[in-house]
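Q: Just so you know, the protein sequences line up as chains E and G, in that order.
Okay, so the first sequence: first residue is 778 according to my numbering, each after it adds one.
Okay, so the second sequence: first residue is 778 according to my numbering, each after it adds one.
Misleading hints may appear alongside valid ones.
Where chains are identical, the list cannot tell them apart; a pair therefore holds if satisfied intra-copy or between any two copies.
[Unchecked claim] In silico DSS-like links for lysine-lysine, alpha-carbon gap of 25 Å or less: (1) Lys818 x Lys845; (2) Lys955 x Lys841; (3) Lys901 x Lys881; (4) Lys919 x Lys818; (5) Lys893 x Lys801; (6) Lys881 x Lys850; (7) Lys919 x Lys841; (8) Lys841 x Lys782; (9) Lys893 x Lys919; (10) Lys784 x Lys801; (11) Lys893 x Lys807; (12) Lys801 x Lys886; (13) Lys783 x Lys919; (14) Lys886 x Lys919; (15) Lys789 x Lys886; (16) Lys886 x Lys818; (17) Lys893 x Lys818; (18) Lys890 x Lys781; (19) Lys781 x Lys886; (20) Lys881 x Lys955; (21) Lys817 x Lys881; (22) Lys893 x Lys782; (23) Lys817 x Lys935; (24) Lys881 x Lys919; (25) Lys791 x Lys893; (26) Lys919 x Lys890; (27) Lys783 x Lys881.
In short, the hints are calculated from the structure, not lab data.
2 protein chains.
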Amino acid sequence: MPEKKKKLYEGKAKIVYETDDPDKLILHFKDSATAFDGVKKAQLEGKGSLNNTISSIIFEVLHKKGIKTHYIKKLSDNEMLVWRAERFLVEVVVRNLAAGSIVKRLGFKEGEKFEKPLVEFFYKNDQLHDPLVCEAHIDLMKLAPIEALPTMRETALKVNSILSEFFSQNGIILVDFKLEFGRLPDGSIGIVDEISPDSMRLWDAETGEKLDKDRFRFDLGDLLEGYRKVLERISQ
Amino acid sequence: MPEKKKKLYEGKAKIVYETDDPDKLILHFKDSATAFDGVKKAQLEGKGSLNNTISSIIFEVLHKKGIKTHYIKKLSDNEMLVWRAERFLVEVVVRNLAAGSIVKRLGFKEGEKFEKPLVEFFYKNDQLHDPLVCEAHIDLMKLAPIEALPTMRETALKVNSILSEFFSQNGIILVDFKLEFGRLPDGSIGIVDEISPDSMRLWDAETGEKLDKDRFRFDLGDLLEGYRKVLERISQ
């Protein structure tokens, strides 16, 4: 069992610790929910464990399909062992149906299905509210190595295919999701951070019920009940 | 002299008329100034003539350098004869220095020089306040033919080189500008609309004085005095 050493960084939903291996880190998933760049907050016992477990299952699904990620293994209820990565300052969002910011931004109707999945990049910057960026901005502002963008875009679309099918088999529609990328110790580009109902929109395929963080954002019902339903379905 | 026939369209700054030739239109430049999607308005006698004259000079400069535009000729103080075009729903912005929306949006300092010119695309939609779009959005929403984008980007950068030098010779810094594109009657892609101090940021190279529509937007001084200075300098 790797040992937690120095705390490297504490974010809104996770704490990152160094270990005795300089290439490996421990992610501790906190029991906190935040939305709107941290303006809305709550403490929810069990959330960290749910996100860690769901993320671990998803990383294992992706691993089996040959997708490179920072995931090594789940260590405990709230802890995940991962490869250390130089993280890029870009969030990659893939959208299958219109929901969230794009509805107001570009005039789509909530739930409208896109002709093909839409890949968007955002500058990871809370103060600026994670603004949309295109390749030219990423290049100019050096938010990520420009030669990594095709890999990031292709990987995001592959992940979309894999996870859309995975969730669909479990009666859930993958509406959209956010990925982060970085350079792993072996020099390759891989997915970092978490992939959980905090970073995906998941709707029940039958009822349309929202099972993700929108429950918390818009007070649509108990957050953890949604997350528990997701875990239950994908654990079968 | 081509004759004005049916009024086709009236915008914030121009009226478009058909002529007896179905491939040719007359643009009438109005004496009105608007900003912030039409929220701020004023009637300014002489503005239409200034913009028509400045635009005509610029289109002629571009024409000599082999840039395809809808411009045919200046007909009178307020009128320009142009080719009819199927206009794309995209505005192309080229930025040399940070100013305007990009300062708040991405955290640049006003006046900061970019390492290389930045080309951005915006969805031409007042109701949505002309949001930033990337290639993927333009493709998905069919805002312009996707195969036209490389031409639009290259043309915008060529125009930037030509006009940066042209203004620089006349003691003016070309900070940024907006172009619109469309398909001309011969099937080629060309620049449409106007290229005037309404659609460019122009700063005096010595004093930094703003000579463009920002004078009106932010009450920095008499708008037409700025436009007259621009015309005076580029007429020499």
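Q: Now, for every hint given, state plainly whether the structure supports it.
A: Hint check results:
Taking CA atoms no more than 25 Å apart as the test, Lys818 paired with Lys845 passes in neither setting, with 32 Å inside one copy and 55 Å between copies. When the C-alpha separation of Lys955 and Lys841 is checked against a cutoff of 25 Å, the pair qualifies only within one copy, where the shortest distance is 20 Å, while the shortest distance between copies is 48 Å. In the homo-oligomer, the alpha carbons of Lys901 and Lys881 lie at most 25 Å apart both inside one protomer (20 Å) and across protomers (15 Å), since each shortest distance falls under that limit. For the homomeric pair Lys919 and Lys818, neither the shortest alpha-carbon distance inside one copy (31 Å) nor that between copies (39 Å) is at most 25 Å.
Proximity of Lys893 to Lys801 under the C-alpha cut-off of 25 Å is found in neither arrangement, the shortest distances being 37 Å within a copy and 38 Å between copies. In the homo-oligomer, the alpha carbons of Lys881 and Lys850 never lie at most 25 Å apart, since the shortest distance is 39 Å inside one protomer and 41 Å across protomers. In this homomeric assembly, Lys919 and Lys841 never come within 25 Å of each other (Cα to Cα): the closest approach is 32 Å inside a single copy and 36 Å across copies. Taking the closest pair of Cα atoms, Lys841 and Lys782 never come within 25 Å of each other, the shortest separation being 30 Å inside a single copy and 68 Å across copies.
Proximity of Lys893 to Lys919 under the C-alpha cut-off of 25 Å is restricted to the inter-copy arrangement: shortest distance 12 Å between copies versus 28 Å within a copy. When the C-alpha separation of Lys784 and Lys801 is checked against a cutoff of 25 Å, the pair qualifies only within one copy, where the shortest distance is 13 Å, while the shortest distance between copies is 69 Å. Taking CA atoms no more than 25 Å apart as the test, Lys893 paired with Lys807 passes in neither setting, with 35 Å inside one copy and 42 Å between copies. For the homomeric pair Lys801 and Lys886, neither the shortest alpha-carbon distance inside one copy (43 Å) nor that between copies (38 Å) is at most 25 Å.
Taking identical chains as interchangeable, the C-alpha atoms of Lys783 and Lys919 are never at most 25 Å apart, the minima being 29 Å within one chain and 51 Å between chains. Taking the closest pair of Cα atoms, Lys886 and Lys919 come within 25 Å of each other only across two copies (17 Å); inside a single copy the shortest separation is 33 Å, beyond that limit. In this homomeric assembly, Lys789 and Lys886 never come within 25 Å of each other (Cα to Cα): the closest approach is 30 Å inside a single copy and 28 Å across copies. Proximity of Lys886 to Lys818 under the C-alpha cut-off of 25 Å is found in neither arrangement, the shortest distances being 28 Å within a copy and 32 Å between copies.
When the C-alpha separation of Lys893 and Lys818 is checked against a cutoff of 25 Å, the pair qualifies neither within a copy, at 34 Å, nor between copies, at 41 Å. In this assembly of identical chains, Lys890 and Lys781 lie within 25 Å of each other by CA distance neither inside one copy nor across copies; the values are 44 Å within and 45 Å between. For the homomeric pair Lys781 and Lys886, neither the shortest alpha-carbon distance inside one copy (46 Å) nor that between copies (41 Å) is at most 25 Å. For the homomeric pair Lys881 and Lys955, the shortest alpha-carbon distances inside one copy (18 Å) and between copies (24 Å) are both at most 25 Å.
Within a single copy, Lys817 and Lys881 get their C-alpha atoms as close as 20 Å, and across copies as close as 23 Å, so both meet the 25 Å cut-off. For the identical chains of this complex, Lys893 and Lys782 are neighbours neither inside a copy (45 Å) nor across copies (43 Å), given an alpha-carbon limit of 25 Å. Taking the shortest alpha-carbon separations for Lys817 and Lys935, neither the intra-copy value of 33 Å nor the inter-copy value of 47 Å comes in at or below 25 Å. Taking the shortest Cα distances, Lys881 and Lys919 sit within 25 Å of each other only across copies (18 Å), while inside one copy they are farther apart (28 Å).
With identical chains, the CA atoms of Lys791 and Lys893 are never at most 25 Å apart, being 33 Å at best within one copy and 37 Å at best between copies. Within a single copy, Lys919 and Lys890 get their C-alpha atoms only as close as 33 Å, which misses the 25 Å cut-off; across copies the closest is 15 Å, which meets it. Taking the shortest Cα distances, Lys783 and Lys881 never come within 25 Å of each other, neither inside one copy (42 Å) nor across copies (36 Å).
In summary, the structure is inconsistent with hints 1, 4, 5, 6, 7, 8, 11, 12, 13, 15, 16, 17, 18, 19, 22, 23, 25 and 27 from the numbered list given earlier, while agreeing with the others.
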